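Enquirer: Line by line, the protein sequences are chains A and B. FYI, in this note's numbering the residues of the first sequence are 1 to 143. FYI, in this note's numbering the residues of the second sequence are 144 to 350.
None of these hints come from the bench; they were simulated from the model. Please read all numbers here as calculations on a predicted model, not as lab measurements. Incorrect hints may appear among the rest.
[Stated by the list, open to error] Here's a subset of chain B near chain A, in silico, CB distances under 8 Å, partners left out:
no. : residue
1   : V274
2   : I276
3   : S317
[To be verified] Using 27 Å as the maximum straight-line C-alpha spacing, the simulated DSS-like pairs for lysine-lysine come out as follows:
no. : chain 1 : residue 1 : chain 2 : residue 2
4   : A       : K61       : B       : K252
5   : B       : K224      : B       : K252
6   : B       : K205      : B       : K294
7   : B       : K252      : B       : K279
8   : B       : K205      : B       : K252
9   : B       : K252      : A       : K113
Cβ atoms here follow ideal geometry from the backbone N, Cα and C, with glycine treated the same way.
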Amino acid sequence: MKISLFKAGFICFLLTGCMTPSHLVYVHGTTVGLDVSASTQGTGRLVFGYDRDTFALIPHKNDNEKEPDVMSLAAVSCVYAWGLDDVQFRHFVSTGTTATNIVKEPITLGQIKDSIQGGGEKCEPKEGAKKPTDNKNTAQGGK
Amino acid sequence: MENDSIGLFVRKLFCCISAIDSAMKQASVRLNLSLRAFMIRQQLLLTYPLIMMMSGCAINDKGFTQLRHFENETSYMTTQKTWGGFISTRHSDRGLTLGHTERIKVYPKAEKNAQLPLDQFLQQVDSSNFVEINSKEINLGNMQPFAWIDKNQGIMFHANPIKIGFSAGIELRSVLRLSPDFDGIFIINRDQNGTVKAGIQESLQQQ
């Protein structure tokens, strides 16, 4: 009985959702082997084998539960993952009033997208790069 | 495709274990020392982490480690490789690693840089490579990195804001972590050769 309770408690601990993040966080991780983790600013997990994980957390600017004010954010990312070791990425992250100003200007957003995508229509690797298995192009706007 | 690699990994692991088992069994039959072989196997399991630690040991930037410093117009970068036992007490990657570690961290420069229009800033990031500098020229102190890339192999115990837990095997991680007080732009690129480029600007000049 005690062992069952311990197991259930451990699983609940691992599955506990993200706590309120204190920072803007973006994580892209790959694990091969055994991984047992909980986190104050991430996600708990239990992995044996292979796992690829990507997540982002955007913090609140205040603790008002009724009217939470999320941190302003404008971000464009282009990520390639080939095999285990070859991860290419280009991230543009703007926050605060800078993000608010950028989002208001479509031309500026276009410039950023062109720069992050290397001038191409899509998020693709540069010439000579290997074919990607994981291709993500994300644009986020907060507030 | 990712599932295939899971199968291969598990099969390889079982192959290793069964090979060790059969070798140990043959030896014990031949020498009629099965009990001793069992004891040796247990001792090996216990002493492996200690052997790993004795091959090299480092705490932060002290010990058996290779730490290099770089800078560009707006940021600093450190690269660190360690072999054996490595303890990091730094907030971003606090933990213990037994094995091999490679870490790249990007820090903002404390001084305010010239504020550039967006197009010029994007060009600056593309054109400015990191240049190696003497570690005595900078003091990162308690500065928090805006981004870091980890590659760990071996046994890892993590106790940092991104992860608290235990890992065994290989893990790769790229992290961006910005303070909610940061008002500006952060760009980081990593190409197929592993070359990192980064740029930080506190606030954008209106065009």
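Enquirer: Checked against the structure, which of the hints given earlier come out wrong?
Expert: 1, 2
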